[in-house]
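Heads up: the sequence lines are chains E and W, in that order. By the numbering used here, the letter at position 93 of the first sequence is numbered 99, and the numbering carries on one by one without gaps. By the numbering used here, the letter at position 11 of the second sequence is numbered 12, and the numbering carries on one by one without gaps.
Do not rely on the hints blindly, as some may be mistaken.
Listed below are the simulated PhoX-like cross-link pairs for lysine-lysine, each with C-alpha atoms no more than 25 angstroms apart in a straight line [to be verified]:
id	chain 1	residue 1	chain 2	residue 2
1	W	K97	E	K98
2	E	K106	W	K31
3	E	K131	W	K7
4	W	K81	W	K158
5	W	K33	E	K46
6	W	K164	W	K190
7	E	K98	W	K128
8	W	K31	W	K106
9	W	K164	W	K151
10	E	K98	E	K46
11	W	K7	W	K31
12	W	K97	W	K57
13	W	K7	W	K106
14	E	K98	W	K33
15	W	K188	W	K199
16	W	K33	W	K57
17	E	K106	W	K97
18	W	K110	W	K161
19	W	K198	W	K164
20	E	K106	W	K151
21	W	K151	E	K98
22	W	K164	W	K57
23	W	K161	W	K188
24	W	K190	W	K106
25	W	K81	W	K128
26	W	K110	W	K198
27	W	K164	W	K66
28	W	K97	W	K198
29	E	K106	W	K33
30	W	K128	E	K46
Note that these hints are calculated values from the structure, not bench results.
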Amino acid sequence: MANDGPTPLERFVNGVIPENPVYRQLLGMCPVLAVTGSMKAAMTMAAAVAFVLICANVIVSLIRNLLQPHLRILVFTLTIATFVTIADRLLKAYMYDMSKELGPYIPLIIVNCLIIARCEVCASKQRVFTALSDAVGQSVGFALGLASMATVRELLSSGSWFGVELFWKTGTAGEQYRWGLMALAPGAFFTLGILLGAAVWIGSMCNKNKTTLEA
Amino acid sequence: MLKYIKQGWLVIVLAACFGTALAGIHMALKDKIAANQLDAINTQIPLLIPGADAAKTQLDEPLTKQLGMEVRKGINSEGKLVGWVLRASGSGYADKIELLIGLDKTATKIMGIAVIEQQETPCLGSKITDSSWNDQYDDQPTATELVVLKGMSPEQKLIKDGKINAITGATISSDAVTSIVNDAVTKAKPALLAELKKDK
Numbered sequence: 007m008a009n010d011g012p013t014p015l016e017r018f019v020n021g022v023i024p025e026n027p028v029y030r031q032l033l034g035m036c037p038v039l040a041v042t043g044s045m046k047a048a049m050t051m052a053a054a055v056a057f058v059l060i061c062a063n064v065i066v067s068l069i070r071n072l073l074q075p076h077l078r079i080l081v082f083t084l085t086i087a088t089f090v091t092i093a094d095r096l097l098k099a100y101m102y103d104m105s106k107e108l109g110p111y112i113p114l115i116i117v118n119c120l121i122i123a124r125c126e127v128c129a130s131k132q133r134v135f136t137a138l139s140d141a142v143g144q145s146v147g148f149a150l151g152l153a154s155m156a157t158v159r160e161l162l163s164s165g166s167w168f169g170v171e172l173f174w175k176t177g178t179a180g181e182q183y184r185w186g187l188m189a190l191a192p193g194a195f196f197t198l199g200i201l202l203g204a205a206v207w208i209g210s211m212c213n214k215n216k217t218t219l220e221a
Numbered sequence: 002m003l004k005y006i007k008q009g010w011l012v013i014v015l016a017a018c019f020g021t022a023l024a025g026i027h028m029a030l031k032d033k034i035a036a037n038q039l040d041a042i043n044t045q046i047p048l049l050i051p052g053a054d055a056a057k058t059q060l061d062e063p064l065t066k067q068l069g070m071e072v073r074k075g076i077n078s079e080g081k082l083v084g085w086v087l088r089a090s091g092s093g094y095a096d097k098i099e100l101l102i103g104l105d106k107t108a109t110k111i112m113g114i115a116v117i118e119q120q121e122t123p124c125l126g127s128k129i130t131d132s133s134w135n136d137q138y139d140d141q142p143t144a145t146e147l148v149v150l151k152g153m154s155p156e157q158k159l160i161k162d163g164k165i166n167a168i169t170g171a172t173i174s175s176d177a178v179t180s181i182v183n184d185a186v187t188k189a190k191p192a193l194l195a196e197l198k199k200d201k
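Put together the whole structure using the sequences plus the hints.
And the structure:
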């Protein structure tokens with residue numbers, strides 16, 4: 007079977023920056039807004055999404071020739087739901103406090119459009135290795151997106167990063183410098199808007215440079 | 002019929018495989034998860050009832066059944082009853098709030114409360130989990146219901162006369178916690194006293 011789509015390397019690279027799930031495809035916005043209040047929560051979410059995405063992509067790619075066109079979404083959802091349940095159980099067993107903090111957002115990975123989109127776009131059409139590198143690339147891109155949001159929000163709302171308190175505030179004296187709003191939903195929307203704007207602006211600058219060079 | 006099986010066999014096979022896999026995962030992890038949940042409660046017990054031994058403190062099944070909420074007997078290292086722990090829940094601002102309420106042996110005083118489950122607004126309602134706020138419940142009498150006030154002075158907070166200072170910007174969460182405590186204590190107190198008499 008001829009490999010029509012992009013090569014594994016292209017799939018991987020595309021997922022990280024050019025087709026970044028958060029800033030380019032705007033997929034999986036629910037966790038992006040909801041769990042980026044702290045770095046720890048965001049990275050746990052990124053790891054859970056990576057696990058589900060990689061497993062689902064590989065399974066779907068393995069059975070791609072058996073798929074009935076009108077039943078494919080059902081099969082994708084079934085596969086995704088299985089791995090989400092496994093991830094949820096594992097978190098509850100080995101990272102109990104974190105699973106409580108993430109609350110309903112781990113089960114909600116089932117409806118994360120990013121994963122179903124990758125099954126549809128790549129895994130149901132291409133070979134296992136391509137699907138695997140696509141999943142890894144997209145996962146890295148998603149983790150970068152979550153990390154950028156969480157870094158801004160955690161720094162501004164509590165002056166820490168990964169729970170480690172940073173220089174300018176120690177103890178209760180720093181309380182007044184905390185910007186509590188950043189930990190709340192409005193903070194998530196502000197941060198997303200500003201970072202998204204910045205990402206589009208940088209992208210258009212890069213394109214402009216490219217066209218002037220070519221001209 | 003045959004047509005459907007022909008088209009849907011993959012879904013049926015996958016569902017069976019995945020179902021088996023999930024059952025396996027559940028069997029392997031369910032004990033660990035249950036232990037985690039119990040741990041979350043057990044670590045709170047010595048904090049709620051000073052002197053209680055978490056390993057000896059056990060669920061009192063007849064009382065739990067009778068009251069419809071988990072009741073634990075706080076037992077100290079010498080095997081004596083030192084207090085009670087109630088597990089109560091009620092609706093908060095966003096979602097269910099679950100509390101552990103520590104009472105002294107005669108149920109005349111609240112020893113302390115701990116929030117074990119809440120989804121209140123971060124930074125506002127979620128302050129109900131801060132010990133700086135919920136320490137207010139320590140040593141409060143159970144003779145009358147607790148009331149929530151706004152803007153109490155630091156001196157007022159030190160007097161334990163059944164008044165709770167609301168969290169600024171989260172009066173609903175403060176009210177919710179207080180009414181869960183009131184309801185649970187009112188409901189459980191007669192049963193606990195009866196149990197105490199029986200023991201004697």
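Hint check:
1. W/K97 with E/K98: It holds: about 19 angstroms lies between the C-alpha atoms, which stays within 25 angstroms.
2. E/K106 with W/K31: holds (16 angstroms)
3. E/K131 with W/K7: Answer holds: E/K131 to W/K7 is near 22 angstroms, not above 25 angstroms.
4. W/K81 with W/K158: violated (32 angstroms)
5. W/K33 with E/K46: Roughly 23 angstroms separates the two Cα atoms, so the pair holds.
6. W/K164 with W/K190: holds (19 angstroms)
7. E/K98 with W/K128: Measuring from Cα to Cα gives roughly 24 angstroms; hence the hint holds.
8. W/K31 with W/K106: violated (34 angstroms)
9. W/K164 with W/K151: Holds. W/K164 to W/K151 sits at ~10 angstroms (cutoff 25 angstroms).
10. E/K98 with E/K46: Since the Cα atoms of E/K98 and E/K46 sit roughly 16 angstroms apart, the hinted pair holds (cutoff 25 angstroms).
11. W/K7 with W/K31: violated (37 angstroms)
12. W/K97 with W/K57: violated (29 angstroms)
13. W/K7 with W/K106: Roughly 68 angstroms separates the two Cα atoms, so the pair is violated.
14. E/K98 with W/K33: Distance of about 9 angstroms is within 25 angstroms: holds.
15. W/K188 with W/K199: This hinted pair holds, its Cα atoms lying about 18 angstroms apart.
16. W/K33 with W/K57: Roughly 20 angstroms between the alpha carbons, so the hint for W/K33 and W/K57 holds.
17. E/K106 with W/K97: Status holds; Cα separation ~14 angstroms.
18. W/K110 with W/K161: holds (10 angstroms)
19. W/K198 with W/K164: violated (30 angstroms)
20. E/K106 with W/K151: This hinted pair is violated, its Cα atoms lying about 31 angstroms apart.
21. W/K151 with E/K98: Not OK: W/K151 and E/K98 at ~38 angstroms, beyond 25 angstroms, violated.
22. W/K164 with W/K57: Not satisfied, since the Cα-Cα distance of roughly 33 angstroms exceeds 25 angstroms.
23. W/K161 with W/K188: holds (22 angstroms)
24. W/K190 with W/K106: Holds: W/K190 and W/K106 sit about 11 angstroms apart, inside 25 angstroms.
25. W/K81 with W/K128: Not satisfied, since the Cα-Cα distance of roughly 34 angstroms exceeds 25 angstroms.
26. W/K110 with W/K198: Cα-Cα ~18 angstroms, so holds.
27. W/K164 with W/K66: violated (31 angstroms)
28. W/K97 with W/K198: violated (34 angstroms)
29. E/K106 with W/K33: Satisfied, since the Cα-Cα distance of roughly 15 angstroms is no more than 25 angstroms.
30. W/K128 with E/K46: Holds, at about 20 angstroms.
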